[in-house]
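J.: Sequence:
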Amino acid sequence: MKLRDIAPGTFQRFDISGHTIQVLTASNPDGELRALVKNLDIADRRERALLMSLIGGVLLAAAAAWWISGGRAKRVLNPLTGLVGQIHEIDPLHPAGRPVKDTGDKELDAIPDAVNALVHELDHVLQRERAFIDAASHELRTPLAVIRGGVEVLRERGDVPTPVLDRIERATRRAQEDLVALLALSPARDPEPPRNVDLRTLLPNAAEPYLGERDSTHVEWKWGVDTNAWVDPAALSIAFTNLLRNALRAAPGGNVTIEASARELRVLDDGEGLPEGWPDRNDPRGRGLGLPIARMLAERHGWWIEVGASESGGTSAVLHLGNGGLAPLPLDAQDPAARE
Numbered sequence: 001m002k003l004r005d006i007a008p009g010t011f012q013r014f015d016i017s018g019h020t021i022q023v024l025t026a027s028n029p030d031g032e033l034r035a036l037v038k039n040l041d042i043a044d045r046r047e048r049a050l051l052m053s054l055i056g057g058v059l060l061a062a063a064a065a066w067w068i069s070g071g072r073a074k075r076v077l078n079p080l081t082g083l084v085g086q087i088h089e090i091d092p093l094h095p096a097g098r099p100v101k102d103t104g105d106k107e108l109d110a111i112p113d114a115v116n117a118l119v120h121e122l123d124h125v126l127q128r129e130r131a132f133i134d135a136a137s138h139e140l141r142t143p144l145a146v147i148r149g150g151v152e153v154l155r156e157r158g159d160v161p162t163p164v165l166d167r168i169e170r171a172t173r174r175a176q177e178d179l180v181a182l183l184a185l186s187p188a189r190d191p192e193p194p195r196n197v198d199l200r201t202l203l204p205n206a207a208e209p210y211l212g213e214r215d216s217t218h219v220e221w222k223w224g225v226d227t228n229a230w231v232d233p234a235a236l237s238i239a240f241t242n243l244l245r246n247a248l249r250a251a252p253g254g255n256v257t258i259e260a261s262a263r264e265l266r267v268l269d270d271g272e273g274l275p276e277g278w279p280d281r282n283d284p285r286g287r288g289l290g291l292p293i294a295r296m297l298a299e300r301h302g303w304w305i306e307v308g309a310s311e312s313g314g315t316s317a318v319l320h321l322g323n324g325g326l327a328p329l330p331l332d333a334q335d336p337a338a339r340e
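In the numbering used here, the protein residues as written are 1 to 340.
Heads up, a few of these hints could be off.
[To be verified] Distance windows between CB atoms, simulated:
(1) Pro275 - Trp221: 27 to 33 Å
(2) Leu179 - Arg157: 26 to 32 Å
(3) Val153 - Ile133: 27 to 33 Å
(4) Gly313 - Trp223: 21 to 27 Å
(5) Asp159 - Trp221: 37 to 43 Å
(6) Ile133 - Val225: 37 to 43 Å
Everything labelled a hint here was simulated from the structure, so no lab data went into it. Idealized CB from N, CA, C, for every residue including glycine.
With the hints as constraints, model all of the structure from the sequences given.
T.: Below you can see the structure in the form of structure tokens.
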């Protein structure tokens, strides 16, 4: 394109030898064509430099703002983080052992003051509950012991029929066991640490007092490969016998199967099974203490219970011990992060 082809008063851009130029043409009164030529490369470089400087300034300002805000946020959150850590370390059963310390911040110190007041009140409540439990345990155990002693005396004298004495003795023993179970559920009492026990010994010993009461019920034991479990033996015995007693009552003259391993216990019966719509609060079969006690004991020790229909049409109660029933890993086999 030639200059004369450019209409006067208009701009045109051209790329010549890698350079961008801008041409403005104009004509004077004599009709002569004049052209103004401008190299745009310099302007483009200046624009790019200005744009990069602007972007760099924005990024620098953003980084500075982030750093400043992060530092201030840490200074604000550090005391709160410390408070959260102290609160997590409070032992619910011994809350007064680790009071929450002040943060040094007058505005935040209202939080540890309030927490310490609640902890003190909680400790006071637990102390009263422990005292009540100790007193109730003594007051309830004493008459039960007197009844059992009286049964032994009557047996020796022979004045009362043996079946009657057997019924009294069974009822007394059950009352004692329910009392022990209810005391074990108290949150004011520390749970016993788990021990390595052989279920082949623990469970039959726990079941023996109840098996003689249902001579017509056939009880079958099935053992898993590993029957050594890390559990609180007293709690497991109570939970298991409550499930067993339910099964024996549900299947008089029938069959009860007990399957045991380090991970779970199964108590199966071929009785009439669960009623339709179970569990129903209006169902009289749901009013006993056995299953609720077993459930609460299980939950306190990290176990859980599932109740459903068995293959024989009766009831299946499964006490899952989870990993809690397995032996703990030796220290050198544990995750290093867990040992810190």
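J.: Hint by hint, which ones does this structure get wrong, listed from lowest number up?
T.: As far as the earlier hints go, not one is violated by this structure.
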